[in-house]
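Heads up, the sequence shown stops at 385 in our numbering, and the numbers go up one at a time, no gaps.
Any given hint could turn out to be false.
As the list claims (entries may be wrong) - Pairs of lysine to any residue residues, derived as SDA-like cross-links and limited to a Cα-Cα distance of at most 20 Å, are as follows:
| # | residue 1 | residue 2 |
| --- | --- | --- |
| 1 | Lys371 | Gly261 |
| 2 | Lys319 | Lys236 |
| 3 | Lys184 | Asp211 |
| 4 | Lys145 | Thr168 |
| 5 | Lys223 | Lys236 |
| 6 | Lys349 | Gln174 |
| 7 | Lys371 | Ala267 |
| 8 | Lys145 | Gly182 |
| 9 | Lys348 | Thr333 |
| 10 | Lys348 | Lys328 |
| 11 | Lys59 | Lys145 |
| 12 | Lys138 | Gly297 |
| 13 | Lys371 | Ser384 |
| 14 | Lys148 | Gln174 |
| 15 | Lys59 | Ser118 |
| 16 | Lys184 | Asp173 |
| 17 | Lys152 | Val217 |
| 18 | Lys184 | Thr203 |
| 19 | Lys236 | Val201 |
| 20 | Lys138 | Gln174 |
| 21 | Lys210 | Glu220 |
| 22 | Lys223 | Val201 |
| 23 | Lys345 | Gln174 |
| 24 | Lys59 | Phe105 |
| 25 | Lys319 | Gly304 |
| 26 | Lys319 | Ile356 |
| 27 | Lys223 | Glu196 |
| 28 | Lys145 | Asp173 |
| 29 | Lys184 | Phe121 |
Stated by the list, open to error - Distance ranges between label pairs, derived from CB positions:
| # | residue 1 | residue 2 | range |
| --- | --- | --- | --- |
| 30 | Glu122 | Phe265 | 28 to 38 Å |
| 31 | Thr264 | Thr168 | 47 to 57 Å |
| 32 | Arg228 | Glu362 | 21 to 31 Å |
| 33 | Tyr350 | Asp92 | 17 to 27 Å |
| 34 | Asp262 | Lys59 | 41 to 51 Å |
| 35 | Ser322 | Ser166 | 11 to 21 Å |
| 36 | Val274 | Glu362 | 13 to 23 Å |
| 37 | Leu368 | Thr270 | 33 to 43 Å |
| 38 | Lys223 | Lys349 | 32 to 42 Å |
| 39 | Thr168 | Ile300 | 41 to 51 Å |
FYI, nobody ran anything at the bench for these hints, they're computed from the structure. Quick reminder that beta carbons are idealized off the backbone N, C-alpha and C, glycines included.
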Amino acid sequence: MKNVAIIGSGSWGAALGIYLANHGHSVKMWSFDEDEKNLINNKRKCVFLPNAKVPDGVICSSNFEEVLEGAEIILHVTPSKFVRSTIKQYKSFVKPNQMVIMCSKGFESETGYTLDQIMEEELPGIKTGILSGPSHAEEVSLNVPTLMVVASKDSEVREVISEEFKSNAMRIYTSEDVKGVELGGALKNIIAFCAGIGVGLGLGDNTFAALATRGLVEIDRLGTAMGGETKTFYGLSGLGDLIVTCGSVHSRNRKAGELIGKGYSIEETRKQVGMTIESVDNIDVAYKLCKKYNVEMPIVEKVYEVLYNGLSPKEAVDILMTREQKSE
58 MKNVAIIGSG
68 SWGAALGIYL
78 ANHGHSVKMW
88 SFDEDEKNLI
98 NNKRKCVFLP
108 NAKVPDGVIC
118 SSNFEEVLEG
128 AEIILHVTPS
138 KFVRSTIKQY
148 KSFVKPNQMV
158 IMCSKGFESE
168 TGYTLDQIME
178 EELPGIKTGI
188 LSGPSHAEEV
198 SLNVPTLMVV
208 ASKDSEVREV
218 ISEEFKSNAM
228 RIYTSEDVKG
238 VELGGALKNI
248 IAFCAGIGVG
258 LGLGDNTFAA
268 LATRGLVEID
278 RLGTAMGGET
288 KTFYGLSGLG
298 DLIVTCGSVH
308 SRNRKAGELI
318 GKGYSIEETR
328 KQVGMTIESV
338 DNIDVAYKLC
348 KKYNVEMPIV
358 EKVYEVLYNG
368 LSPKEAVDIL
378 MTREQKSE
């Protein structure tokens, strides 16, 4: 069993901590929020996971050095927009024998970087990896059977994470396609947001299936242009994560899209959801990347116009449906 540090006490960080502690690992968790820290330590609860109990073995602290001391595995689980700034705060405490696994999904808006690129810049010489796949925090915290994938160029990282995290409730596959695994996780949130818009507009299963299918095509187009492999986008971190995020009531990205489809503003939507909405934070980046790589992504382009150019969701659907006919 391993000593694991988790940077972030939101729903996904807490879910991973609960799962790992319940399967024998020693877990220390970092939180920037004193109320969250006290709730975890004193009440053994997480505000975002009301049906789960935090095991006694999980210790939460607001001190990076205390959390990272003695850890063999460091899981980074913060919103993508805070990844670089948070790493800058704790990187001086990271030792060469520790591995850092990125569990967040998204891009850095200022640079368009993927999160593994940030780790490369901020943590040179440290073994790193990406953990992704169809894994709602609510279900992982309750031991619902879940399959994920760990991607790394380092074979030790792949072997350690897949072996140490496995149980009868979790199966971890391995991949060397870091870029593909990461892009699948980041881009599927945007398609899930669009699926939510469809729900908000009252559209049906036919529309949902079409959106998910063509959305996956767009993910593959941009993903391969950026260095990922097509087979990765049709695996757990692509198609698998797309299915669960588009179709589940647990998905905050789908919920956000649904509210937009019903006519809520972005500000009202953020307030209603109450947690970070990675899709909203990253649609602008995805739009810029598709232009940079000269990739056709009509769904991404139209949802960008909905958020930033005043296009109505209904008009966006009409435009997409009346585009020039093409061969699949």
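How the hints compare with the structure:
| no. | hint | verdict |
| --- | --- | --- |
| 1 | Lys371 / Gly261 | 14 Å, holds |
| 2 | Lys319 / Lys236 | 35 Å, violated |
| 3 | Lys184 / Asp211 | 7 Å, holds |
| 4 | Lys145 / Thr168 | 16 Å, holds |
| 5 | Lys223 / Lys236 | 23 Å, violated |
| 6 | Lys349 / Gln174 | 17 Å, holds |
| 7 | Lys371 / Ala267 | 16 Å, holds |
| 8 | Lys145 / Gly182 | 15 Å, holds |
| 9 | Lys348 / Thr333 | 26 Å, violated |
| 10 | Lys348 / Lys328 | 31 Å, violated |
| 11 | Lys59 / Lys145 | 25 Å, violated |
| 12 | Lys138 / Gly297 | 24 Å, violated |
| 13 | Lys371 / Ser384 | 25 Å, violated |
| 14 | Lys148 / Gln174 | 15 Å, holds |
| 15 | Lys59 / Ser118 | 19 Å, holds |
| 16 | Lys184 / Asp173 | 11 Å, holds |
| 17 | Lys152 / Val217 | 17 Å, holds |
| 18 | Lys184 / Thr203 | 25 Å, violated |
| 19 | Lys236 / Val201 | 28 Å, violated |
| 20 | Lys138 / Gln174 | 14 Å, holds |
| 21 | Lys210 / Glu220 | 17 Å, holds |
| 22 | Lys223 / Val201 | 13 Å, holds |
| 23 | Lys345 / Gln174 | 17 Å, holds |
| 24 | Lys59 / Phe105 | 25 Å, violated |
| 25 | Lys319 / Gly304 | 18 Å, holds |
| 26 | Lys319 / Ile356 | 19 Å, holds |
| 27 | Lys223 / Glu196 | 16 Å, holds |
| 28 | Lys145 / Asp173 | 14 Å, holds |
| 29 | Lys184 / Phe121 | 19 Å, holds |
| 30 | Glu122 / Phe265: 28 to 38 Å | 47 Å, violated |
| 31 | Thr264 / Thr168: 47 to 57 Å | 34 Å, violated |
| 32 | Arg228 / Glu362: 21 to 31 Å | 40 Å, violated |
| 33 | Tyr350 / Asp92: 17 to 27 Å | 42 Å, violated |
| 34 | Asp262 / Lys59: 41 to 51 Å | 43 Å, holds |
| 35 | Ser322 / Ser166: 11 to 21 Å | 20 Å, holds |
| 36 | Val274 / Glu362: 13 to 23 Å | 19 Å, holds |
| 37 | Leu368 / Thr270: 33 to 43 Å | 22 Å, violated |
| 38 | Lys223 / Lys349: 32 to 42 Å | 38 Å, holds |
| 39 | Thr168 / Ile300: 41 to 51 Å | 30 Å, violated |
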